[in-house]
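Please build the complex by placing chain B on the supplied structure of chain A, with the hints as guidance.
The listed protein sequences correspond, in order, to chains A and B.
With my numbering, the residue at position 49 of the first sequence is 30, and numbering never jumps.
With my numbering, the residue at position 14 of the second sequence is 16, and numbering never jumps.
Think of the hints as simulated: they come from the structure by calculation, not from any bench.
Wrong hints could be hidden among the right ones.
Here are some chain B residues pointing at chain A (derived, C-beta under 8 Å) [said to hold, decoys possible]: (1) Glu16; (2) Arg28; (3) Leu29; (4) His46; (5) Glu49; (6) Tyr50; (7) Gln52; (8) Thr61; (9) Gly62; (10) Leu64; (11) Pro71; (12) Ser74; (13) Tyr81; (14) Trp84.
Every residue, glycine too, gets a C-beta built ideally from N, C-alpha and C.
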Amino acid sequence: MDEDAELVARVRAGEEQAFVTLAARHHSTMQRIARTYVASAAVAEEVVQDTWLAVLRGLDGFKGRSSFQTWLLAILVNRARSTGVREHRSVAIGDAGPAVDSSRFDESGAWMSPPRHWVEESESRLLAEGLADRIQTTMRELPERQRDVVMLRDVAELTAREVCEALEISEANQRVLLHRGRSHLRQALEAELGRV
Amino acid sequence: MRVLLRRRELVCQEMVELITDYLEGRLSRGQRRRFEAHIAKCEHCTEYLQQMRATIRLTGGLRAEDLTPEMSAEFAALYRRWREQEQ
Chain A
-18 MDEDAELVAR VRAGEEQAFV TLAARHHSTM QRIARTYVAS AAVAEEVVQD TWLAVLRGLD
42 GFKGRSSFQT WLLAILVNRA RSTGVREHRS VAIGDAGPAV DSSRFDESGA WMSPPRHWVE
102 ESESRLLAEG LADRIQTTMR ELPERQRDVV MLRDVAELTA REVCEALEIS EANQRVLLHR
162 GRSHLRQALE AELGRV
Chain B
3 MRVLLRRREL VCQEMVELIT DYLEGRLSRG QRRRFEAHIA KCEHCTEYLQ QMRATIRLTG
63 GLRAEDLTPE MSAEFAALYR RWREQEQ
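Here chain A stands alone, though its shape is the one from the complex:
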């Protein structure tokens, strides 16, 4: 039995400390995800607590067909999304569009305006210059399905299959959304770091 499943069994048996341990295990990931849907850390914390309440209420219905984490994050994403909608968050980035603007390629499809080098710089400047904020902001501007997929794959580190289960989407769809979401994030980092 994995550690989550063991804790869930103990929570069902009425062990309060097992619940606190379970909540602590997932807290940082849940908060990071919630934070990209809502305007403040305080609201994100409410979403996390709300999710746990829903988890406790639904625990009897959890049959363990998916992993506990997949089930938990699916509930979280739904709650965070509806809270974010209530906050009237505006979505600024279009749903489709190429990974890189076509004006940056010549007629043959080769780079005309190639990406400038910034990879090492991005790593040393992460904390100092708020790249994380830029990522958070961009994440909030992504179309919601793209954000759902990127959060679950790249922040929560679920597998592609788990993301498909959590969001009830096909694998091909998952890949398209991941591609667009990641491409938008790269563009945002380029705008921040890679000005030619």
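Relative to chain A, chain B alone:
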């Protein structure tokens, strides 16, 4: 996209759209070979691939607070409230 892929050599503009399938291991063997052959001789696309990898790393590194003692107490309280409602 599929039509374009029948060509022998991949161009940069196609590469940026195939990159997620590449990173996900979802290209066919032939596509993968063409993709890697292109990367091997195109420094800009090599850069682009590195940037996508860096983007994924940076996204994964978003900061968040761990559970503070106060929050632990709140979760314990939340659990107790639920237990009371259940009974």
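Taking the hints in turn, this is what the structure says about them:
1. Proximity of B:Glu16 to chain A holds as hinted, the smallest CB-CB distance being about 6 Å (cut-off 8 Å).
2. Because the beta carbon of B:Arg28 sits about 7 Å from the nearest beta carbon in chain A, less than 8 Å, this interface hint is met.
3. Annotation: interface hint on B:Leu29 violated; nearest CB of chain A at approximately 11 Å, more than 8 Å.
4. Checking B:His46 against chain A: minimum C-beta separation of about 4 Å stays under 8 Å; hint holds.
5. Below 8 Å, beta-carbon pairs count as interface contacts, and B:Glu49 has one with chain A at about 5 Å; its hint therefore holds.
6. Hint status for B:Tyr50 relative to chain A: holds, with the closest Cβ pair at about 5 Å, below 8 Å.
7. Because the closest C-beta pair between B:Gln52 and chain A is about 5 Å apart, less than 8 Å, the hint holds.
8. Checking B:Thr61 against chain A by beta carbon gives a least distance of about 4 Å; that is within 8 Å, so the hint holds.
9. Interface hint status for B:Gly62: upheld, as the beta-carbon distance to the closest one in chain A is roughly 5 Å, under 8 Å.
10. Contact between B:Leu64 and chain A, as hinted, is supported at the beta carbon level, the nearest pair being about 5 Å apart and thus within 8 Å.
11. Of the supplied interface hints, the one on B:Pro71 is violated, with its beta-carbon coming no nearer than about 10 Å to a beta-carbon of chain A, more than 8 Å.
12. For B:Ser74, the interface hint holds, since its Cβ comes within 8 Å of a Cβ in chain A; the closest pair sits about 5 Å apart.
13. For B:Tyr81, the suggested interface contact is upheld, since its CB lies about 4 Å from the closest CB of chain A, less than 8 Å.
14. Interface hint at B:Trp84: satisfied, since its Cβ lies 5 Å from the closest Cβ of chain A, which is below the 8 Å cut-off.
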